[in-house]
Amino acid sequence: MAFINKGKICKFCENRDLKIDYKDYNSLKKFLNSQGKIIPRRVTGLCTKHQRHLVKAVKRARNIALLPYSYNLEN
Amino acid sequence: MKQYEILFIVHPNYEDNRITKIVNNVKEKITNNGGSIINVDEMGKKKLAYKINNQRYGSYVLINFESEPQFIAEFKKWLKIQSQILAKLIVKLDNKDLKEDNKKGIKEEEEKTAVSDEIEKEEEVAEDKKSDDENIEEESTDQNKEA
Numbered sequence: 001m002a003f004i005n006k007g008k009i010c011k012f013c014e015n016r017d018l019k020i021d022y023k024d025y026n027s028l029k030k031f032l033n034s035q036g037k038i039i040p041r042r043v044t045g046l047c048t049k050h051q052r053h054l055v056k057a058v059k060r061a062r063n064i065a066l067l068p069y070s071y072n073l074e075n
Numbered sequence: 001m002k003q004y005e006i007l008f009i010v011h012p013n014y015e016d017n018r019i020t021k022i023v024n025n026v027k028e029k030i031t032n033n034g035g036s037i038i039n040v041d042e043m044g045k046k047k048l049a050y051k052i053n054n055q056r057y058g059s060y061v062l063i064n065f066e067s068e069p070q071f072i073a074e075f076k077k078w079l080k081i082q083s084q085i086l087a088k089l090i091v092k093l094d095n096k097d098l099k100e101d102n103k104k105g106i107k108e109e110e111e112k113t114a115v116s117d118e119i120e121k122e123e124e125v126a127e128d129k130k131s132d133d134e135n136i137e138e139e140s141t142d143q144n145k146e147a
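For the protein sequence lines, the chains are A and B, in the order given.
By the numbering used here, the letter at position 24 of the first sequence is numbered 24, and the numbering carries on one by one without gaps.
By the numbering used here, the letter at position 128 of the second sequence is numbered 128, and the numbering carries on one by one without gaps.
For reference, chain B alone in the conformation it holds in the complex:
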């Protein structure tokens, strides 16, 4: 068994209850194939850096799970077929990462509550973000001139 982390984007038309359905489907797929789920984190709706299937927004969901390496190839194929999932990224966690996580496990739990609060704030600010992005680009061009 090895530890993996999957981050996937759900189509923006699916919200609240419908997202949990999709997340549950993914969880079932993992558990039915001999894996076990460690942690689920719904990161909320965010603006995508580029359009995927003509969508500008998407809801990010992060799942930490444990499974046999042979299952991953099949899992990727299955995810590709799901029309509600715009994109996915599966990362195998190194031993180094895991050690550090165990050390900081208690701290992270405290942080997570703080992070979830931040995400809620971000969603409120999401509409204003467009102007923020423009500002960032302007700043970077200024700094390039200085360099």
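If we strip away everything but chain A, and leave its shape as in the complex, we get:
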């Protein structure tokens, strides 16, 4: 689900209507790799601010079992 942005323009700065919300776990999945780790800003191309919000949202979603801490645990 890797979201690779080579143009280096932050997706959330470009489109202000996009919101980062921990309840919207399906769109957060784009920023996780196959293990369920958060993909670094170097790859996603997000700005500092939005990557920070994203990380917070992913961690909240993990806490409430919307996203897994790791995809490998049960396999």
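Rather than coming from a laboratory, the hints here were simulated on the basis of the structure.
The model shown is predicted, which means the values in this text are computed figures rather than measured ones.
Here a beta-carbon is modelled for each residue, glycine too, at the ideal position from N, C-alpha and C.
Check before you lean on any hint, since a few could be wrong.
[As the list claims (entries may be wrong)] Computed footprint of chain A on chain B, listed as stretches where at least three residues anywhere in the stretch have a Cβ under 8 Å from a Cβ of chain A:
1. 49-59
2. 87-95
[To be verified] Here are the computed lysine-lysine pairs in the BS3-like style, where the Cα-Cα straight-line distance is at most 30 Å:
3. A:LYS23 - A:LYS11
4. A:LYS59 - B:LYS46
5. A:LYS59 - B:LYS45
Given chain A, put chain B in place with the hints provided.
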């Protein structure tokens, strides 16, 4: 008074009428302690990303409420004791979020009806989701290879 948002998971054995009882208990707890409820949204039964108390499924309920900050610590303790509630997450809403919500308040109401329809569909599809999850994992591994 500050605005908060609580998302909690109800044990899968509790359905329909029994869920509303639990939700009403939580609502009463808030209102009895000087808070007020803004919005309640039952998000329906979903598969958990990992097992909690050996349960694979749970019903998510979202409540927006207003309360004094001192009440939150007590509220968390109370929720922990409730055996029907598997997990909870309380988030304080920033001023930024609230401003945006007010602007889009009318739009959201329209969307919510659409979202609730979607959730009903999701429940029907829930059983097929297992296979979907596997597909997603396969896709991601493929993309990693490309990278």
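Hint-by-hint comparison with the structure:
| no. | hint | in the structure |
| --- | --- | --- |
| 1 | 49-59 | holds (count 4) |
| 2 | 87-95 | holds (count 4) |
| 3 | A:LYS23 - A:LYS11 | holds, 19 Å |
| 4 | A:LYS59 - B:LYS46 | holds, 19 Å |
| 5 | A:LYS59 - B:LYS45 | holds, 21 Å |
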